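Chemist: Could you put the whole structure together from the sequences, leaning on the hints where they help?
Quick mapping for you: the protein sequence lines, in order, are chains A and B.
Numbering-wise (this note's numbering), the first sequence opens with residue 1 and increments by one.
Numbering-wise (this note's numbering), the second sequence opens with residue 114 and increments by one.
FYI, nobody ran anything at the bench for these hints, they're computed from the structure.
Predicted, not measured: the structure shown is a model, and the values here were computed from it.
Using 30 Å as the maximum straight-line C-alpha spacing, the simulated DSBU-like pairs for lysine-lysine come out as follows: (1) B:Lys219 / B:Lys172; (2) A:Lys1 / B:Lys170; (3) B:Lys219 / B:Lys183; (4) B:Lys149 / B:Lys172; (5) B:Lys170 / B:Lys219; (6) A:Lys1 / B:Lys169; (7) B:Lys172 / A:Lys1; (8) B:Lys183 / B:Lys211; (9) B:Lys211 / A:Lys13; (10) B:Lys169 / B:Lys219; (11) B:Lys149 / A:Lys57; (12) B:Lys211 / B:Lys170; (13) B:Lys149 / A:Lys1; (14) A:Lys1 / A:Lys57; (15) A:Lys57 / B:Lys219; (16) B:Lys170 / B:Lys183; (17) B:Lys183 / B:Lys164; (18) B:Lys211 / A:Lys1; (19) B:Lys149 / B:Lys183; (20) B:Lys169 / B:Lys183; (21) A:Lys13 / A:Lys57; (22) B:Lys211 / B:Lys164; (23) B:Lys211 / A:Lys57; (24) A:Lys57 / B:Lys164; (25) B:Lys183 / A:Lys57.
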Amino acid sequence: KAGVTQTPRYLIKTRGQQVTLSCSPISGHRSVSWYQQTPGQGLQFLFEYFSETQRNKGNFPGRFSGRQFSNSRSEMNVSTLELGDSALYLCASSLDRVNSPLHFGNGTRLTVT
Amino acid sequence: GQQVMQIPQYQHVQEGEDFTTYCNSSTTLSNIQWYKQRPGGHPVFLIQLVKSGEVKKQKRLTFQFGEAKKNSSLHITATQTTDVGTYFCAPLSGGYQKVTFGTGTKLQVIP
Chain A
1 KAGVTQTPRY
11 LIKTRGQQVT
21 LSCSPISGHR
31 SVSWYQQTPG
41 QGLQFLFEYF
51 SETQRNKGNF
61 PGRFSGRQFS
71 NSRSEMNVST
81 LELGDSALYL
91 CASSLDRVNS
101 PLHFGNGTRL
111 TVT
Chain B
114 GQQVMQIPQY
124 QHVQEGEDFT
134 TYCNSSTTLS
144 NIQWYKQRPG
154 GHPVFLIQLV
164 KSGEVKKQKR
174 LTFQFGEAKK
184 NSSLHITATQ
194 TTDVGTYFCA
204 PLSGGYQKVT
214 FGTGTKLQVI
224 P
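Modeler: Here's what the structure looks like:
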């Protein structure tokens, strides 16, 4: 079974721009979660989607948004990029069972200059 | 809200020495998951503990859930260089809650 696929792997953007990251979950997984990982803040939860609906949301500003499509693929968007948004963005998928293990993709490394 | 402390933050050990990381929660947990992230990699699920006082073993790794379900530990016996990475606990409070991660313990093994 193919794992979680995230594209692109690396991205360099300028302050003020916006960016869209993509995530394809493992086949059969309908829950997709997004995390931001930085050296100083660790793994921070952004949001979780299930059946095209946002089920949980972390403490991030409204510049961070996401969506999920009917095939469970998900995208996250960050508008008006700031230097502090530089991070590794990880997507994880899981089965629709309470407290199912998360399966992570390799992440997208975003650098904002 | 739920607060999770993971200690230590860093640990350097000589190859062959044992290693333990602890995860402490301010609230009672329904269960807890553990993940490992190798340098340059992504977190990989190791195990899930559900029952009070539960102990599970995976080869040289021993995972324990506290009796009060407020803490957990991961112990590695006779570390190897392949054990290098950051170990995260992910405590869960039940239901379709967002999965939050502890601060992680970064393990360095000196050959």
